[in-house]
Each structure stands twice: as C-alpha cells, then as structure tokens.
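Asks: In the order they appear, the protein sequences are chains R and F. For the record, in the first sequence the residue sitting at position 81 is 81 according to the numbering used here, with numbers rising by one throughout. For the record, in the second sequence the residue sitting at position 13 is 13 according to the numbering used here, with numbers rising by one throughout.
Hints listed in this document are in silico derivations from the structure and should not be mistaken for laboratory results. Incorrect hints may appear among the rest.
[Said to hold, decoys possible] Computed list of chain F residues with no C-beta within reach of chain R, every gap over 12 Å: (1) Leu4; (2) Met11; (3) Gly42; (4) Ile47; (5) Thr62; (6) Gly66; (7) Phe88; (8) Gly102.
[Claimed, not checked] Okay, derived cross-link-like pairs now, DSSO-like style, lysine-lysine, Cα gap no bigger than 30 Å in a straight line: (9) F:Lys98 to R:Lys55; (10) R:Lys55 to F:Lys36; (11) F:Lys51 to F:Lys36; (12) R:Lys13 to R:Lys57; (13) F:Lys98 to F:Lys36; (14) R:Lys71 to F:Lys98; (15) R:Lys18 to F:Lys51; (16) R:Lys3 to F:Lys98; (17) F:Lys108 to R:Lys57; (18) F:Lys98 to R:Lys18; (19) F:Lys98 to F:Lys51; (20) R:Lys3 to R:Lys53; (21) F:Lys70 to F:Lys108; (22) R:Lys13 to R:Lys70; (23) F:Lys36 to R:Lys3; (24) F:Lys36 to R:Lys71; (25) F:Lys98 to R:Lys70; (26) F:Lys108 to R:Lys53; (27) F:Lys51 to R:Lys3; (28) F:Lys70 to R:Lys57; (29) R:Lys57 to F:Lys36; (30) R:Lys53 to R:Lys13; (31) R:Lys70 to R:Lys57; (32) R:Lys13 to F:Lys36; (33) R:Lys55 to R:Lys3.
For glycine and all other residues, C-beta sits at the position ideal for the given N, C-alpha and C.
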Amino acid sequence: DVKVTQSSRYLVKRTGEKVFLECVQDMDHENMFWYRQDPGLGLRLIYFSYDVKMKEKGDIPEGYSVSREKKERFSLILESASTNQTSMYLCASSFRTGRYNEQFFGPGTRLTVL
Amino acid sequence: GQQLNQSPQSMFIQEGEDVSMNCTSSSIFNTWLWYKQEPGEGPVLLIALYKAGELTSNGRLTAQFGITRKDSFLNISASIPSDVGIYFCAGWTSGTYKYIFGTGTRLKVLA
Numbered sequence: 001d002v003k004v005t006q007s008s009r010y011l012v013k014r015t016g017e018k019v020f021l022e023c024v025q026d027m028d029h030e031n032m033f034w035y036r037q038d039p040g041l042g043l044r045l046i047y048f049s050y051d052v053k054m055k056e057k058g059d060i061p062e063g064y065s066v067s068r069e070k071k072e073r074f075s076l077i078l079e080s081a082s083t084n085q086t087s088m089y090l091c092a093s094s095f096r097t098g099r100y101n102e103q104f105f106g107p108g109t110r111l112t113v114l
Numbered sequence: 001g002q003q004l005n006q007s008p009q010s011m012f013i014q015e016g017e018d019v020s021m022n023c024t025s026s027s028i029f030n031t032w033l034w035y036k037q038e039p040g041e042g043p044v045l046l047i048a049l050y051k052a053g054e055l056t057s058n059g060r061l062t063a064q065f066g067i068t069r070k071d072s073f074l075n076i077s078a079s080i081p082s083d084v085g086i087y088f089c090a091g092w093t094s095g096t097y098k099y100i101f102g103t104g105t106r107l108k109v110l111a
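For reference, chain F alone in the conformation it holds in the complex (with noise of 0.2 Å):
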C-alpha cells in the first residue's frame, strides 16, 4: 500500500535539544495526525490537524498542516528521554476511509 515519505528515518539527539520532522504526499489530504509509538506499544495520537495552515501545540510538541496540504511537521522542544520512540504521520481524505501512514522517525536521545 501507500506510504508518505517521513524524514529522517533516525535521529540520535542530546537530552535538551529540539527535534524537526517532517512528512510529504503526492495527493492532499484534509486531516493530519502525528503518533508516537513506544516499543511493544500501540501508537499513541499526539496532534490533530484539519486545516491547511493550522499550528498546534500539545505541550512540547508543536505540529503544522502545510499550506499546499501536501505536508505536515512536527516539533519537539527540549527533548527528554521519555521522549524515545517512533513518530509517525497519517493523512487522510475525506469522501475515503483510508488512512495513510508515514514510514516513521525513530528518535533517541541521549541524556
């Protein structure tokens, strides 16, 4: 199936440092989510985005809707270790049931 492009595919970071990630679509979408998943875990809904533009923030994490809606960031300011995992994006469309995932950023962060 299809797969958004997600990058970087890994970061290693220090405790304290901010983190960037982004994701990209050939097609646009209407709803943006970010996940974060912990090994042995289910994926956990961080952010939710609906509309091109949009900025949210949850806590530390700070997620963008892309103007062309065929993009989407997250930020993570000053990093903890508890922030280890993978993060991933989905996009999906209205009028479909579909949601389409991301390949992931397994971050680290070395305290």
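The following block holds chain R by itself, in its conformation from the complex (with noise of 0.2 Å):
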C-alpha cells in the first residue's frame, strides 16, 4: 500500500517562528512535490525535487525553502513564518520516468501562523 505521511496534522506557529514540516513516502519515488492548498485558488505547487539534493521552484517559491537530503525524505522550511502562509501543506511524490506518472499524496498540513 502507497503511503506518503507528513509530521503533523495541525500546527500552530507564531509570526517570525522557522516551520518545519517534513513528509516521507515509501514507495522509492524519485519526484517529491509541496503544494498549498487555498480556497478558491486551489493546489499551487511551491517546490519540486527531482533526485537527492536536486530542487526546482515551483509557482509560490517565495517565503519557503526546501531540503532533500534522503531519497525517502523532503522537507518544507518556512523560514520566518508570516500570518499569509496560514494554508493546507500538502506533500505528494511520483515516479521521475516511466509509465506510470500517478503523484500521491500525503494526509496535509493544516498551518496556522497567528
């Protein structure tokens, strides 16, 4: 059974605080992806990760960081959280080539910056 998990369902931070949020999958996907999730203005991609090491911006970049320093592992850093990236985290991965491009997701993160 696929499974991409994420730290954390909910996390409250406070403006100027570093957020971590990590995800994990454990289907040996090269592609890893964080999204965020608004209403009205639906999945925008923010970073993207091809290989370890390897990242690509995304839409909305701005604000955020990545790491990726394990295969299995990509990481979502908001450096000094602001009260606008109060949002839905989602994490999903795929396979980089081949037949099969299905991308999962993980559970989300629901962030809120006060």
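Mind assembling these two chains? They're in different frames, but the hints should get you there.
Replies: What follows is the structure in structure tokens.
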C-alpha cells in the first residue's frame, strides 16, 4: 500500500518563527512535491525535487525553502513564518520516468500562523 | 498557475443517482488523474488514465481519457452518502514535472 506521511496534521506557530514540515514516502519515488491549498486558489506548487539534493522552484517559492538529503524525505522550511502562510500544506510523490505517473499525496498539514 | 476547467463546480444529488463531471484543457496531456478529497484530508487517487480513449473503472467509478487528449470524464454510479467530497482532475505531460489541477467539483449526496 503506497504511503506518503507528513510529520504533523495540525501546527500553530507565531509570526517570525522558523517552521519545518516533514514528508516521508515509502514508494522509492524520485519526485517529491510541496503544494499549498487555499480556498478558491486550488493547489499551488511551492517546490519540487527530482532527486536527492536537487530542487526546482514551483509557482510560489517566495518565503519557503526545501531540503532533500535522503530519497524518501522532503522537508519544507518557512524561514520566518508570516500570517499569509496560514494554509493547508500537501506533500506528494511520483516516479520520475516510465509509464506510470501517478502522484500520491500525504494527509496534509494544516498550518496556522498567528 | 494554470488550472484546468472542471465542471460542474458543485452538485447536490439524491442518494442512488449517477454523477458525471468533466475536465477540459487547452493543452494535451499524456496522463489524466482523478482524485477525491474529503475535508481536512489530502487528496486520494481514484483512477489513472494513460491513453487517449482509455476507459477505466474502479468500483462504481468510471473515468475516460478523451480522444483529443484535452479532456477527461469521471462518472460515479449509484451514489452513496460517503461519496461526498471534492473531486478534482490532474493532467500531466511527458517531459515536464508539473501536474496541472482542475478547479474541483464539490459533491453533496442527500440521503
């Protein structure tokens, strides 16, 4: 059974705090993604990684950074959290090549920044 | 970022009715994916489609990859209360890493 897990389901942080969101997948996927989901705006890609230590900016990378030290783990970092980063954060993973391009999502982390 | 046109935006139906929704794009895709998302949860993959014209079923769900490769359809037969949620599509093109997502269809089932 495919599995993407995220370290927290709910987080409450204060403005200016450094926030780490962790994601782990057990499917040996090369690609990992971080999205945020907001009402009316849909899913927006923050960052993408296609291999260990490799990363690409998505559509809205400002205010975020990422780390991928191991194939199965992809971390999203908010260097200095702001209230406009209150959102649902979703991690996802997929194979890089081949016929099967299913993307699997984690359960999400609801982040509130006060 | 780009979003796919998905319709209808929302549906209120009676239990037992069939449901149809679709996604359209101005670009062609190599893969179409259909997801269901329940409140406070991450999207769950329902069906994946890889070839133009392909028709795939998963229980009461049936999805089709449009012949033009620019659209896809999802049908749910004999709806039940636990079908409630937001359904959305995603398209992927070979040579890219990005998945393009639909705007979502909110489904409510009245018992």
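Asks: Look at each hint and say if it fits the structure.
Replies: For each hint, the structure was consulted:
Separation of F:Leu4 from chain R is inadequate, the least Cβ-Cβ distance of about 9 Å not exceeding the 12 Å criterion. Non-interface status of F:Met11 relative to chain R is upheld: no Cβ of that chain comes within 12 Å, the nearest being about 18 Å off. At roughly 4 Å, the least C-beta separation between F:Gly42 and chain R is not larger than 12 Å, which violates its mark as non-interface. Some Cβ of chain R comes within 12 Å of the Cβ of F:Ile47; the nearest lies about 10 Å off, and the non-interface call is violated.
The claim that F:Thr62 lies off the interface holds: its Cβ sits roughly 18 Å from the closest Cβ of chain R, which is beyond the 12 Å cut-off. Look at F:Gly66: its CB is around 17 Å from the nearest CB on chain R, clear of 12 Å, so calling it non-interface holds up. With a least beta-carbon separation of about 8 Å from chain R, F:Phe88 fails to lie farther than 12 Å from that chain, contradicting its non-interface assignment. Distance to chain R contradicts F:Gly102 as a non-interface residue, since its nearest Cβ pair spans about 8 Å, not more than 12 Å.
Among the hinted pairs, F:Lys98 with R:Lys55 is consistent with the structure: their alpha-carbon atoms are about 13 Å apart, no more than 30 Å. Distance hint between R:Lys55 and F:Lys36 is fulfilled; the C-alpha atoms sit about 28 Å from each other, no more than 30 Å. Of the pairs offered as hints, the one joining F:Lys51 and F:Lys36 holds, with about 21 Å between alpha carbons and a cut-off of 30 Å not exceeded. Among the hinted pairs, R:Lys13 with R:Lys57 is consistent with the structure: their alpha-carbon atoms are about 24 Å apart, no more than 30 Å.
With a C-alpha separation of about 19 Å, the suggested pair F:Lys98 and F:Lys36 falls inside the 30 Å cut-off, and the hint holds. About 19 Å separates the Cα atoms of R:Lys71 and F:Lys98, which keeps this hinted pair within 30 Å; it holds. Our distance criterion of 30 Å between C-alpha atoms is broken by R:Lys18 and F:Lys51, whose separation comes to about 44 Å. A C-alpha spacing of about 21 Å is found between R:Lys3 and F:Lys98, which places the hinted pair at or below 30 Å, so the restraint holds.
This hinted pair does not check out: F:Lys108 and R:Lys57 have alpha carbons roughly 36 Å apart, beyond 30 Å. For the hint linking F:Lys98 to R:Lys18, the alpha-carbon distance of about 28 Å falls within 30 Å, and the restraint holds. This hinted pair checks out: F:Lys98 and F:Lys51 have alpha carbons roughly 18 Å apart, not beyond 30 Å. For the hint linking R:Lys3 to R:Lys53, the alpha-carbon distance of about 22 Å falls within 30 Å, and the restraint holds.
Taking the CA atoms of F:Lys70 and F:Lys108, the gap is near 27 Å; set against the 30 Å cutoff, the hint holds. A threshold of 30 Å between alpha carbons decides the hint, and for R:Lys13 with R:Lys70 the separation of about 26 Å falls inside it, so the pair holds. For the given pair, F:Lys36 sits about 16 Å from R:Lys3 by alpha-carbon distance, which is consistent with the 30 Å threshold. The suggested pairing of F:Lys36 with R:Lys71 holds, with an alpha-carbon distance near 27 Å, which does not exceed 30 Å.
The straight-line distance between the Cα atoms of F:Lys98 and R:Lys70 is roughly 22 Å, inside the 30 Å bound, and the hint therefore holds. Only pairs whose Cα atoms come within 30 Å are accepted, and F:Lys108 paired with R:Lys53 is rejected, the gap being roughly 43 Å. As the CA atoms of F:Lys51 and R:Lys3 are separated by approximately 26 Å, the hinted pair is consistent with the 30 Å bound. Only pairs whose Cα atoms come within 30 Å are accepted, and F:Lys70 paired with R:Lys57 is accepted, the gap being roughly 26 Å.
The suggested pairing of R:Lys57 with F:Lys36 holds, with an alpha-carbon distance near 26 Å, which does not exceed 30 Å. The suggested pairing of R:Lys53 with R:Lys13 holds, with an alpha-carbon distance near 27 Å, which does not exceed 30 Å. Of the pairs offered as hints, the one joining R:Lys70 and R:Lys57 holds, with about 19 Å between alpha carbons and a cut-off of 30 Å not exceeded. Between R:Lys13 and F:Lys36 the CA atoms are separated by roughly 29 Å; this keeps the pair inside 30 Å, and the hint holds.
For the given pair, R:Lys55 sits about 22 Å from R:Lys3 by alpha-carbon distance, which is consistent with the 30 Å threshold.
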